[in-house]
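Chain order of the listed sequences is S and E.
The first sequence lines up with residues 0 to 179 when you count with numbering that gives the first Met the number 0.
The second sequence lines up with residues 0 to 279 when you count with numbering that gives the first Met the number 0.
Hints in this document: simulated from the structure, not taken from any laboratory.
Computed from a predicted model, the values in this text were never measured in an experiment.
There's no promise every hint is true.
What the hints assert, rightly or not - Computed cross-link-like contacts, DSS-like style, restricted to lysine-lysine with a CA-CA straight-line distance of at most 27 Å:
1. 44/E x 1/S
2. 32/E x 44/E
3. 1/S x 20/S
4. 175/E x 20/S
5. 243/E x 20/S
6. 155/S x 52/E
7. 20/S x 120/E
Said to hold, decoys possible - Computed beta-carbon distance windows for the label pairs:
8. 52/E x 68/S: 13 to 23 Å
9. 13/S x 197/E: 21 to 31 Å
10. 142/S x 135/E: 48 to 58 Å
Quick reminder that beta carbons are idealized off the backbone N, C-alpha and C, glycines included.
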Amino acid sequence: MKRIQLPLTKEVIQTLRVGEKVYLNGPMVTGRDAAHRRLVETLDRGEALPISLDGMTIFYVGPSPARPGQIIGSAGPTTSYRMDDYTPRLLEEGLLGMIGKGRRSSLVRQAIREHGAVYFAALGGAGALAAQAIVSAEVIAYPDLGAEAIHALEVKDFPVVVAVDATGASVYEREEGARV
Amino acid sequence: MREINVAKVREAVEAMCIEANLALTKDVQLAMKNAAETETNPLAKEVLEDLIKNERVASELKVPICQDTGMAVVFVDLGQEVALAGGSLEEAIHAGVRLGYEKGYLRKSVVKSPITRVNTKDNTPAVIHYRVVEGDQIRLRFAPKGFGSENMGRLGMLKPSDGREGVLEFVVDTVKKAGPNACPPLVIGVGVGGTMEKACLLAKEQLLRNVGEPAAEEEARELEEELMERIEALDIGPQGFGGKTTALAVHAALFPTHIAGLPVCVNINCHVARHRERVI
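Construct the entire structure; sequences and hints are all you get.
What follows is the structure, given as structure tokens:
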């Protein structure tokens with residue numbers, strides 16, 4: 000069982016290979032369609048972001064509401080390609096890790112390689128199981144977005160598969176040659 | 000005439016919203032179990048076992064199986080000998096969705112305008128398909144639809160000369176393009192014939208069938224069998240990590256069409272193939 004401590008460092012990312020299963024521990028933030036759009040629009044206006052992306056890992060998730068006594072509701076990954084238009088800009092801001100599901104564009108894979116970043120896949124449609132690895136959750140930006148608000152999460156042994164590693168190799172592009 | 004109060008419809012919809020999102024029906028559970036037992040790729044097998052575990056955890060802790068608890072799709076078969084009482088049927092369905100999504104701690108995933116995109120905060124409106132049928136009952140079929148899979152659906156207005164092979168290729172190509180995005184193993188609804196909207200409605204309706212139960216009609220059944228074989232050979236596998244379990248089932252239906260056309264619609268469901276039914 001390979002445990003990885005968050006926040007990530009470029010040195011740690013270099014040790015990750017596409018297709019390997021690892022367990023994440025530490026802080027991350029959530030963000031999906033609407034939050035990505037706002038973050039990039041904020042950058043385009045030359046304004047400061049409401050959260051620091053430096054070394055950060057972002058989890059593409061819009062959790063279901065927590066029942067009383069629960070930390071979070073169901074919290075599995077959403078499909079990542081919808082974030083592709085925004086991702087290179089966020090990598091420039093120091094983002095190092097992403098968690099989602101499904102393929103990324105070749106532009107994103109190239110940007111991942113250039114920045115020495117990594118893209119993990121969590122199990123799509125297994126949000127109840129994913130929630131068991133989340134030990135705290137708190138909304139830290141864009142509360143008006145509801146499930147799409149940016150949450151700060153703390154995870155313990157959160158299982159993921161390395162889907163695009165720092166060389167740009169992708170777990171989904173097996174037969175087409177995994178390189179960018 | 001038999002009088003039915005629409006409050007009964009509201010209660011049924013409310014209950015189905017919660018039940019569908021917290022537990023899978025037996026047919027889907029069995030299909031997943033069979034897939035996990037027969038899958039030979041080790042990573043794929045592990046993924047399938049985790050997905051089965053996820054459903055167990057969801058039911059035990061009353062947490063939705065998937066955080067995308069979907070847009071509510073309701074098929075209503077209204078018996079023509081039913082006299083509705085107690086108000087608007089349509090409003091009763093929306094109210095059932097509103098209550099079910101609130102009380103069940105389900106995610107509200109609907110935006111009022113597809114352009115300006117402000118959340119309605121109660122998961123309404125539902126998408127409702129009505130049909131008037133014989134009899135004095137109301138049959139309600141409910142399927143909350145997640146959009147990871149819904150986004151991967153496709154309509155093809157093929158030429159008659161494309162023929163059966165064209166239909167097969169279009170469906171397989173759609174599944175290939177969907178790849179890992181739609182959360183395989185998939186349930187694939189295929190509608191062939193009719194008009195543009197008829198093909199799509201047929202495809203959607205196939206997702207309400209019990210998983211793995213073959214079509215009654217021979218022509219549709221043969222399409223299902225051949226599609227399953229070709230889709231298995233794609234090696235997409237659970238979550239797209241490889242393996243033979245790309246689809247749990249293909250459900251196809253045919254309808255008469257125009258001399259000039261061959262519409263084909265593919266509506267994809269993920270492994271959380273939620274579907275419920277109530278008869279009042």
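Here's how the hints hold up against the structure:
no., hint, verdict
1, 44/E x 1/S, "20 Å, holds"
2, 32/E x 44/E, "10 Å, holds"
3, 1/S x 20/S, "7 Å, holds"
4, 175/E x 20/S, "24 Å, holds"
5, 243/E x 20/S, "20 Å, holds"
6, 155/S x 52/E, "18 Å, holds"
7, 20/S x 120/E, "36 Å, violated"
8, 52/E x 68/S: 13 to 23 Å, "22 Å, holds"
9, 13/S x 197/E: 21 to 31 Å, "54 Å, violated"
10, 142/S x 135/E: 48 to 58 Å, "49 Å, holds"
In terms of the numbered hints stated before, the structure departs from hints 7, 9, listed from lowest to highest.
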